[in-house]
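**Q** So the sequence lines, in the order shown, correspond to chains A and B.
Sequence positions in the first sequence follow our numbering and run 1 to 259.
Sequence positions in the second sequence follow our numbering and run 1 to 338.
Keep in mind that the hints were calculated from the coordinates and are not lab data.
One should not assume that every hint holds.
Here are some, though not all, of the chain B residues that point toward chain A, as calculated from beta-carbon distances under 10 Å [stated by the list, open to error]:
(1) ASN86
(2) ASP232
(3) ALA278
Derived Cβ-Cβ restraints for the label pairs, each shown as a range [said to hold, decoys possible]:
(4) A:GLN124 with B:PRO200: 46 to 54 Å
(5) A:ALA133 with B:ALA164: 55 to 63 Å
(6) B:THR306 with A:GLY144: 26 to 34 Å
(7) B:ASN168 with A:GLY144: 16 to 24 Å
Built from N, CA and C at the ideal position, the CB exists for glycine as well.
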Amino acid sequence: MSADFLVADEVSVRLGERFVVQDASFSLPPGRLVVLVGPNGAGKTTLLRALAGLLPAQGVVRVGGQTVATLAVHERALRFAYLPQGHAVHWPLPARDIVALGRYPHGATDPSRLGARDAEAVEQAMAVTDVAAFAGRRVTELSGGELSRVALARVMAVQAPVILADEPVASLDPRHQIDVMRLLRQAADGGTLVIVVTHDLGLAARFADTVLVLRAGRLVVAGPPAEVFAPAVLADVFRVEAYRAAHEGKPVIVPWTAS
Amino acid sequence: MKHPVKTSVTVVAILGSVVALLFVLSLGVGPVPLSPSTVVRALFGAGIEEQRVIVQEIRLPRAVLGLAIGGMLGLSGAALQGLLRNPLAAPSLFGAPQAAAFGAVTIIALGLADVRSFALPAAAIAGAFGSVFLLLVVAGRNASLLLLILAGLAISSLAGAATALTMNLASNPFAALEIAFWLLGSLEDRSFRHVLLALPFIIAGAVLLMSRRHAFRALSIGEDSAQSLGVDVHRLRLVVIAGVALGVGASVAVAGTIGFVGLVAPHLVRSLVGHDPARLLLPGALAGAGLLLAADIAVRIIPSTTDIKVGVLTAIIGVPFFLYLIVRERRSLGGSLT
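Required output: the full structure, derived from the provided sequences and hints.
**A** Next comes the structure, spelled out in structure tokens:
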């Protein structure tokens, strides 16, 4: 596949008078883990939602050569699997039913009547994310770590070419943070384009192929983590100085002092 | 874990039998008590002529309306709870019956109400549509429980005030009295004209709501996630508003305001079929039908010098139940304040 699988061309989102995202342009190939970072209020979530077509935006987003704005809602759903912040589930449903919602875009709207292909996709997603052991339990009885894996399994069950994950590791303990990032990394290695929003520069540096830096709605830097997390960028965008090292061939970034 | 589908099939079968039993009982209760076997014979055209007239022409329309209106109210409650992901959502808490009543009362006060004309249900449906639409606009996306209930209170008070104004301005004091009694909600002395007036709209509303049942399940994980799964959330809202307005509006047009069935019915079945909002619709409708049929039987056998209106009875039972639910949901209510 080509290097321009997902293309954003001057994407802008306006809320009232203010541009929350302004003229964001990039082009991404499949099979990458892309991390979107930036200070609070930089427009990360808004950009992610604009890519998924969840809010009206100016500019053009194309996926696999097709313009997202012209796709019907269900066609969009087959291309973008979206994981919002917080993994809220409003009813105490069994974990398996939540994962099975991932097959909704494929027309499998009833989790109790899944076809063979849909059932297999659900089982596979639950196996990869280690959810199978508590698939029958209600999501309200699960721990934060378990719930985040259920949410991830739901997104993987879509088998979409693009996964958009908004702060999937927020409020997780270190072990579950690594778990979630490792699973997203696996999905990327399997050919999916994964875009992750996070505040954790350390995880971004370790797991990302590409880092996009957003500041005040504008995309200011893009590239591999070792380049993007240069001292000048950290000072300029995040206003921190970081401890920097390398471990197992990956950059280590630990924000240390506010500058 | 029990198999959810088998459980819901069993529950639907049991609820269906209970509703059928109440339906037959409803045909037997009144000034001339009839045994269930007499009722069934009269229903199929056998037995004495007087009994046939009582069952087929006097009590059957009342029972059919009880079944349809109760079922629609239960279904509307379950659908609104699914749409808003909130166990405290119900048409009567959002002012829908009150607004429908305002629409209907205006038609009555203008002297346009006629059992042969569709003006009454049309005005009631318009009122209900306006109230639910206004509620969702005022409360906005992802509204908290507290916000919905406050907005519902405001809309229901507004509709109540508008109704009071219409009565206030009514030139004929007897018309005002008639409206006041009609507002209490009753299934008494209804004919097949009334059934004909309401049933098509109730069926249309029910079909609309049932057709979207799987979208309610997808909404369990929030509006953004549901949209990303291919649910057109904007359209879904409009469909639900239209379905609830058609059903509740037509019900109010022929029976007055009968509240709280939509709030209570889904709760009665949730412990039996689970929380899946898609699987709750049919059992919720059956529970609503059973509740209203039972309440309508109760008002006929409770000894009293004047008739007790069924709408009064459902409110007397429903409001304490609502208070109990508030106590139970207190934590999430408090949580939405922060």
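**Q** Look at each hint and say if it fits the structure.
**A** Results of checking the hints against the structure:
The criterion of a C-beta within 10 Å of any C-beta in chain A is met by B:ASN86, whose closest approach is roughly 8 Å, and the hint holds. A least Cβ separation of about 5 Å between B:ASP232 and chain A falls short of the 10 Å threshold, and the interface hint therefore holds. Contact between B:ALA278 and chain A, as hinted, is supported at the beta carbon level, the nearest pair being about 7 Å apart and thus within 10 Å. Checked against the hint of 46 to 54 Å, the C-beta distance between A:GLN124 and B:PRO200 comes to roughly 47 Å, which is consistent with it.
Between A:ALA133 and B:ALA164 the beta carbon distance is about 60 Å. The supplied range of 55 to 63 Å therefore holds. For the pair B:THR306 and A:GLY144, the beta carbons lie near 59 Å from each other, so the given range of 26 to 34 Å is not met. Range check, B:ASN168 to A:GLY144: about 57 Å between beta-carbon atoms, so the 16 to 24 Å window is missed.
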